[in-house]
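Undergrad: In case you want the letters, here they are:
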Amino acid sequence: MATKQMTLAEAVVDAIRLSFADDPSVAMIWLPLFGIGPHRHVAEPLRRQFADRVLLPTTSELGIAGIAVGAAMAGARPIVPFSMASFMFRAWDVIVQEAAVARHMSGGRTKVPVVFHALQGVLPGAGAQHVLSPQALLWHAPGLEIVLPSTPADAKGLFRRAIQSDNPTVVLNHGKLLGIEGPVDTGDYALPFGRAALRRKGSDATIVALSYQVHAALEAAETLSLEGIEVEIVDPRTLVPLDRTAILESVAKTGRLVVVDEGPLSCSAASEIAAIVAEEGFESLVAPIARVTRLDAPVAHSPALEESILPNPARIAAAVRRLLA
Amino acid sequence: MLGTQDMTNGGLNPDRPLSVLGRMLLVRRFEEKVLDLWAGGAFTGHFHVAIGHEATAVGAMCALSASDLIFSNHRNHGHVIGRGAAPAGALAEILGRAAGLLGGRGGTFHLADPALGMPHTSALVGASAALAAGAAYGARLTRRGGVSVGFIGDAALGEGIVLEAMTLARQWSLPVIFICEDNRRQAVSAAGADDTDAPGDGPPDLVALPRALGILGMTVDGGDVSAVRDIVGAAHRHCMEGSGPVFVEAKVPLWPGNEDQWPEPVTGSTDLSDAFAAPPTRRDHADWYASRDPVLRYCRHLLRTGDVTESDIIDLDQEVQTTIGAAAAEALASDFPPPQSALDEIFA
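These protein sequences, in sequence, are chains A and B.
Residues 1 to 325 (my numbering) are what the first sequence spells out, left to right.
Residues 1001 to 1348 (my numbering) are what the second sequence spells out, left to right.
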């Protein structure tokens, strides 16, 4: 297996390139895949190489999403990048009320193999309308697969799988992860959904972290290790389907759970995972479950305010210490 | 699934007047049966009927090919039956039965028949325009070919998704026909429930909107099945030549029973003998019987041209009523899906 150092953005593009080459029904509606930041040029070669299957739209997220879903019903495998997740909300109706329900509503006769991509998470100075983490809201729409990669290798394999999937799939990459580098298999591969990755082994507490927060949790783990606390880090990689077994097995081993996500606290992905463990793994717990999330506030532009509501390694470490106190 | 299907518009022969009339009657008697079944408590929830829309539904189906993809809306029964879906399967679907066209998961609002090129019916106003435009792209990409059709109502032109879909369809020259069934009745009127003053508030010619977006727009008498067939046929050719999209505004007569939010069988069971002589003018809704009902209009037209006789019509109607009666009996006798199947078919 040949590997290469790639950024996460490059890995995503690699997955899309392989999918275009492999399957003539793959198409892409050309909104900015990586926003307008420094990685915006990484996607450009796709547009030239597969020009006959790239549609250049007006800014019409709702119409674009509706067209993508209709195209998927007619046999295409469209990719719709919404740039920032905030812009998905213009298309929300189609995502949660057409794409998510069509298979069930047709008694399994109609499939919708569409991929929606968006950049989730807070980016510095972006304010309240360019920073949303919609994973919990999407989780509330049964019928959508939800993917949250944290490494370049995962981002490639999971995106490849998303395009192959016959279900509507939402891939959420964190804007702060686009530039992280890691070894990526240069061949064609897809990673299965519903398989968590164990990012770190430990016996004192389990941290379940999503997307960018996996890296924050790893940083917290280094600090805690110096204090003699060894945490285990579980990265679910996909929320739907969710690898409940991996989470419950880790908690069975450690007896303590901290869940970290960047969505606001109430009804968050962290809340759901906490509830699952409370219901199905209660006897394993020796301490209450802690959630470390964005606070229930819109994101302010001022860096001082922005920082005050976000999860970070210090807050994650503090939560672990509280459980061990 | 109940009943049998024929892949070519369910055996509809556009060149045989009795075949076209038979399909229009099938829609009419289907809808009258739906009203009966609802009144008898056989199903619950809101519903819409296509009485008054028969000429548009059947006329359009006469012009479409078996490979075309069709996206209907909340008022879909005419499109689904017009396309040739089995009435028993459609009624079973409305009754929530396992043998329904969609296993009982779609119901009246989402009635569709994927086997006949109707993959998904959205009841959200205007969604069909975008879905059809997308299917037009998907069919082009996968070389399936053909044309896609999105049926919308007049109120859908207030929805952003329709304007966005039309703009993108024009930009990408998609082979899609938007058929706007303009009955001047906002499905849920802006003025509030049961406000009958709302109809007529819209612009006189809805076709001005697509034209402003650069889309070929045509207007047709939606109560005239032959005229609808001709104009949708012209739109179909335009799309097949690669010159799409097209917008067809079919001005459909508002059936008096659709004036309120809940359909009311105010004109009773259709009496086709009203087509044989001038119907009495002193009863309620006299203009409906005299000139607006598309089924009676087509009967009168065929009698005038000598294509059919009165007894042809009576015999055909008997046949249709027998079909619908048997379909309803079959649907009513069929089973509900097992409760534990509620979690089936959410994911592939």
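Some clues are possibly wrong.
What the hints assert, rightly or not - So the derived list for chain B, only partly shown, Cβ under 8 Å to chain A, looks like this:
id	residue
1	1067
2	1069
3	1106
4	1120
5	1124
6	1130
7	1132
8	1145
9	1158
10	1265
11	1268
12	1271
13	1272
14	1290
15	1292
16	1346
These aren't lab readings, by the way, just hints derived from the structure by calculation.
Yeah, the Cβ is synthetic: ideal placement off N, Cα and C, and Gly gets one too.
Undergrad: So which of the earlier hints does this model not fit?
TA: Checked against the structure, the hints that fail are numbers 1, 8, 9, 10, 11, 12, 13, 14, 15, while the rest are satisfied.
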